[in-house]
Amino acid sequence: MKRIFVDEKWCLGCRLCEYNCAYSNSGVVGMSKALKGKKIYPRIRVEEKGDTTFAVSCRHCEDPMCSKSCIAGAITKKDGIVRVDQEKCVGCLTCVLVCPYGAIAPGENGTAQKCELCIGNSNSSGEPACVGGCPNKAIVFEER
Amino acid sequence: MSLNYITPEFEIKRNYDRCISCRVCERQCANEAHIYDEDSKIMLADESKCVDCQRCVSLCPTHALKIVKNECAFRENANWQSDTIKEIYKQASSGGVLLSSMGNPKPLPVYWDKMLVNASQVTNPPIDPLREPMETKVFLGKKPSRPERNADGSLKTDLPPQLELSMPVMFSAMSYGSISYNAHESLARAAAELGIYYNTGEGGLHEDFYAYGPNTIVQVASGRFGVHEGYLSAGAAIEIKMGQGAKPGIGGHLPGTKIVGDVSRTRMIPEGSDAISPAPHHDIYSIEDLRQLVYSLKEATQYKKPVIVKVAAVHNIAAIASGIARSGADIIAIDGFRGGTGAAPTRIRDNVGIPIELALAAVDQRLRDEGIRNDVSLVVGGSIRCASDVVKAIALGADACYVATAALLALGCHLCRTCQTGKCNWGIATQRPELVKRLNPNIGRERLVNLMTAWKHEIKELMGGMGINSIETLRGNRLMLRGINMTEKELEILGISHAGE
Amino acid sequence: MKLEGQVRIPSGCAISAVISKEGRRMTGEKIIESMIPMHDRSNGLGGGFAAYGIYPEYRDYYAFHIFYDDSAAKSECENFLKESFEIVNAEIIPIRKIPEITDVPLIWRYFLDPLKSVLSRRQLDEKEYVARAVTAVNTKINGAYVFSSGKNMGVFKAVGFPEDVGRFYRLEEYEAYSWTAHGRYPTNTPGWWGGAHPFALLDYSIVHNGEISSYDANRRCIEMYGYKCTLQTDTEVITYIADYLLRRQGLTLEETASVIAAPFWSTINGKDETERKTLSYLRTVYPSLLITGPFSIILGFEGGLMALNDRLKLRSMVCAEKDDKVFIGSEEAAIRVMEPNAENIYAPAGGEPVIVKVKEGAF
Amino acid sequence: MKRYVIIGNGTAAVGCIEGIRSADTDGRIVVISAEERRVYSRPLISYYLEGKTDLERINYRPDNFYSDNKCEVLYGKKAVSINSDATSVELDGGETIEYDELCVATGSSPFVPPIEGADSVKSKFSFMTLDDALKIEKSVNKESRVLIVGAGLIGLKCAEGLKDRVKSVVVCDLADRVLSSILDDECAAIMQSHLEDNGVSFMLGDSAVRFEGNAAYMKSGKTVDFDALVTAVGVRPNISLVKDAGGKCGRGVTVDGRMATSIDSIYAAGDCIESRDASCGDVKIMALLPNAYMEGRCAGINMAGGDCRFDDAFPMNSIGFFGLHAMTAGSYFSEKDGGETFEIKKGKSIKRLFTKDGYLTGFILIGETERAGIYTSMIRNRTPIASVDYEILKNSPKLSAFDADYRRKALGGVV
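Protein chains in written order, with the working numbering: chain A, 1 to 144; chain B, 1 to 501; chain C, 1 to 363; chain D, 1 to 415.
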């Protein structure tokens, strides 16, 4: 299956991915309307260390620890995609405690959220928003 | 001192209804023109630092940015225009020579735009490139004046060394140092994929790029930076650079700040030292000296590599080219006065040299008049902007074109013309690692290949319209061109008729 | 309005040819008739014929056919010729006055022998010497135009329909082993006799149907070698290219065909190594002598002819045989007129030369 | 066709079913469920009281879970004994079920200490099952005063769940701090004060010695009046079935790394077992949902003939009260045990990283818990501190602390 991969060699640390992610998952049409004056809770995060920057998002592990650990049975993997059922999640954050990549974080309402490849997002354009918006192809969506 | 204050050239217009303070502009501006104000949580700008490279405009996710010409104006004066006035202020405060980059931006005539291309109607058919073969392959190099035969009567098929091009366009010289590693990698990989050539410029050849040698032209310039036997043998051809269209008559100067790491090693000069190429080659003060260098290089490479001599288009170009053609060179490259540069004195860039169109027409005709046109191939550069420029150049008599500015544009250059600062926000004309990485060669290669592929399609369309299905029969086919808005003299030099004739 | 030679004039055409491989001589009747069914391919602004083997009694002399505007031009030209040649014979070419052919110039025929002393002084090959004389007359002497200059052959042309031109020149009285014919459809009105076809230099003559797109590339290349394209016609430049490649570069007919109608690179790459190398060599060395755009030509030369189409075959041309004869025409109808029982009718592929040679010793 | 029997219908049983089905899609699976409910998330019962979930969403797996996995569930049945010779399980109704492979996932039971007068308390509860929660829900109202005995995870989650439903909540515990099993004094104090700020009262270092109707008499001499009593002092693993069948047990059922008991074809998983804590080497009961699932799954795979080991369990907890999150994992070695501690404190947030012999062995995070899994993975993978940039990690868990090669594989490869 296609996954998101990042190559820090080409990451510029511009953080467009974070904003594109937040917008894609906002459900609002118009980025300014969606994000202006708001704190964003992106599902992809850029890390910086000196000149090294790279983005981290869910790896959609073959054997996802988060899903096995979820006390609410809210995290499932289907067709290769690990998703959080926002209705079931109670915000205990056990998934945050077990994710080796630090790719899960609570959203605005306290429930766990993570990259779900923008599937089903009304304002996404078929590929994950972070990938489409990356100006340097540091984030790609492909089979490996 | 207020006398030193020069109004910023540009104004950064931020639409605050759109701006989400994501700070992408701030992170992306190496000139630090954008500032985030923590207290008010809004983006501010320092316009004096803006060079209008459009990086922020391109990356702003909400399209909140616009860079516009500063409206603050001197009183209008057709003679003393605002650029002239500002230059005087700059010189009055610094006492220095003004520097600038890329090609001559002055409103001097562009002859490409005054020439129109023919098409077939009724008396012979246009050819559809989608249905019929359409050939753009070109061989550059000396052609023998008479065939020789073997004892059995068959032709001897050995030829002097030739460069085979899938289309009549090559990437012209840009040195590693003046442009980045990633820019070079993009050019090298694209050239290899396209079946054309790129040119090292005078900065030597990085060891990583020897692999692309079969598609590389290695340059020998007056500074001889990075020149050694391995380098000469690595390329497919050797180019002796006598001059450059953007700055005929002067040498080059790459500041020590760009001579870092691999650049210094590749050039074979110490880190941090300025790389100064002298105005002349100090072993070439005349045409016979050139002949010696041509043959020295041929000796060094066992006569396996064609030798190109590159000159700037200057007044006496036809005679100069004739001399070069008789010097043993296989290819003459002529660079017109609009050619780009990483840095040149403004006065030189804007006032020295002649248009490539006229130089090309004069040289091609002169070499034909002397019957030596087939002894050399002609490559022209200096602002070839599009496929129709290529077609017109070939029809005037060129074998191939050199492009550089167009290639840089494909790589992301926005022609802000401040290469000399080394702070290229697009990762091209810089050696700062955090900026260099902004040009991902995977993208760069793809965009160059796309550009050239698009041009190739357009060249074929134009050829097909003329009923020509091989680029060879376009070369020097001036009947396919007509002039518009030109004087008799201009038409005479170009060797074409006026439209309607 | 600019005349032929001052401006390039595209034209459509009809061509036909017949040759006897046994060298049997035929009168001009049949070749004239062959042009009748193709009447509509001409517009009356030019027609002509080339005939090989017609002057056996003068076979060792260059036969110059010259148009003169007036007698002043004639005497200037004759003075010039006398500097280089011994004039073995000079005569008016016999014509038949017919209403279809008007504005007739003075038409003279000379049999010339190069002066050996001048020839050796100028250190030239004899044919080159003759060719230069032709170029000199045509470019330097106003009102004089050499339109045929080979040995034992002659070109006959005029402004008019080809069948009328044939009658005008009384071609039924000539016997040749090889005939070519041309009817012209130029796209402007001022007919000029010199502009009619065939076009010839030495014993090479060309009849051509088409409008080549490579004209100026070819012209500017060939002019480097001393040719001067005064007429600005395809036929003229193709004749010079043929002369240059065959006579001066020493290429074979097949090699020449591979230069002017070169196979596509994709075709060349599919050939075996020897052929690939040869074809690549020819394309690389003579790129500017490739001819593109539509053409069908018949090149006449001493002892044979070669027919060739452009590589896309953008013009019609068919061939046929009967006994010792080979027929070529823009249309099959032309061939049927000459030989109702013609056999092996076929259309040669684009770029495929049809070379017919008369048996050695039979011409 | 293999016959699988699972005793229990909790998280470990689900893990076991999914484990079996990952290797064997045909075998017959029988689940013996004492509770008359499909599997639900036990830890969510406090969230139920709090209103963050409901009787539908609390289900641990979708409606069609059992049918999709072709499981036969015997609701309301209790296994009373295992006959390992006959490879059968006897149910309370007398019927026996034969097995080829058996998994014991009986979980644990709340421990209710014997206190004088306990019988006199009418409204008294444990807090273990959904039924417990439903009973409590029914018996309390806005005027209720609730006394919770036990300031551990269960007691405090119960307190949080009830807080807004009742008038007052008092928590007492013999220990002198809250969450004594996972927090040290200082961290416990922060948590306690946060709970107090949100209206929960504590009586620590104190315990009820006698009940009399709705009054508890404390060891300290204080008296607490209450309307409902919840006992949450701890749980005991349900080991009797295995023990009676002759299986080896400590405090919990003894299993190896494949979850096999000492009896052939009998596996055990979940809260009923004891296992080795990978962070310190001690054998202990680590009754945590993630562990239960992974143990169950491991057992299931092995029962179906696969080969799976789960021997890197260690304690870890993510728990939040009134918006303040605490995450803990592993073991905390004090200086005298040869450990080192790194600490950052800021207001209500605290971070403690425990290292020993060059490895991260445990941590406590309160408040700032972002990306804690990066620390957890270092404990699980036993990542040498020397191989990472610990200075970065001290500040916050980041992948930039790891070498570029690790990142290349983690972020540029399939994991």
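Just so you know, the hints here were simulated from the structure itself, not pulled from any lab data.
Here the structure is a predicted model, which is why all the values come from computation and not from measurement.
Hints are not guaranteed to be accurate.
Claimed, not checked - Here are the computed lysine-lysine pairs in the DSS-like style, where the Cα-Cα straight-line distance is at most 25 Å:
hint	chain 1	residue 1	chain 2	residue 2
1	A	K137	B	K423
2	D	K398	D	K409
3	D	K409	A	K2
4	D	K398	A	K137
5	A	K39	B	K69
6	B	K66	A	K36
7	D	K409	D	K348
8	B	K143	C	K313
9	D	K52	D	K78
10	B	K69	B	K90
11	C	K271	B	K137
12	A	K49	D	K167
13	B	K137	C	K313
14	D	K398	A	K39
15	B	K142	C	K277
16	D	K394	D	K409
17	A	K49	D	K77
18	C	K21	C	K271
Unchecked claim - Label-pair distances were calculated between CB atoms; the ranges are:
hint	chain 1	residue 1	chain 2	residue 2	range
19	A	K137	D	A386	29 to 37 Å
20	D	D68	B	E32	54 to 62 Å
21	C	P94	B	K489	30 to 38 Å
22	C	T27	B	I372	20 to 28 Å
23	A	K137	B	E38	43 to 51 Å
24	B	A279	A	K36	51 to 59 Å
25	B	D262	A	K36	39 to 47 Å
26	B	E38	D	E335	58 to 66 Å
27	B	D17	D	A23	33 to 41 Å
28	A	K137	B	D17	24 to 32 Å
All C-beta atoms, glycine included, are put in the ideal place defined by N, C-alpha and C.
Hint-by-hint comparison with the structure:
| no. | hint | in the structure |
| --- | --- | --- |
| 1 | K137/A with K423/B | holds (22 Å) |
| 2 | K398/D with K409/D | holds (15 Å) |
| 3 | K409/D with K2/A | holds (16 Å) |
| 4 | K398/D with K137/A | holds (22 Å) |
| 5 | K39/A with K69/B | violated (34 Å) |
| 6 | K66/B with K36/A | holds (19 Å) |
| 7 | K409/D with K348/D | violated (37 Å) |
| 8 | K143/B with K313/C | violated (29 Å) |
| 9 | K52/D with K78/D | violated (31 Å) |
| 10 | K69/B with K90/B | holds (19 Å) |
| 11 | K271/C with K137/B | holds (18 Å) |
| 12 | K49/A with K167/D | violated (51 Å) |
| 13 | K137/B with K313/C | holds (21 Å) |
| 14 | K398/D with K39/A | holds (21 Å) |
| 15 | K142/B with K277/C | holds (17 Å) |
| 16 | K394/D with K409/D | holds (23 Å) |
| 17 | K49/A with K77/D | violated (58 Å) |
| 18 | K21/C with K271/C | violated (31 Å) |
| 19 | K137/A with A386/D: 29 to 37 Å | holds (34 Å) |
| 20 | D68/D with E32/B: 54 to 62 Å | holds (59 Å) |
| 21 | P94/C with K489/B: 30 to 38 Å | violated (51 Å) |
| 22 | T27/C with I372/B: 20 to 28 Å | violated (49 Å) |
| 23 | K137/A with E38/B: 43 to 51 Å | violated (32 Å) |
| 24 | A279/B with K36/A: 51 to 59 Å | holds (56 Å) |
| 25 | D262/B with K36/A: 39 to 47 Å | holds (44 Å) |
| 26 | E38/B with E335/D: 58 to 66 Å | violated (41 Å) |
| 27 | D17/B with A23/D: 33 to 41 Å | violated (59 Å) |
| 28 | K137/A with D17/B: 24 to 32 Å | holds (31 Å) |
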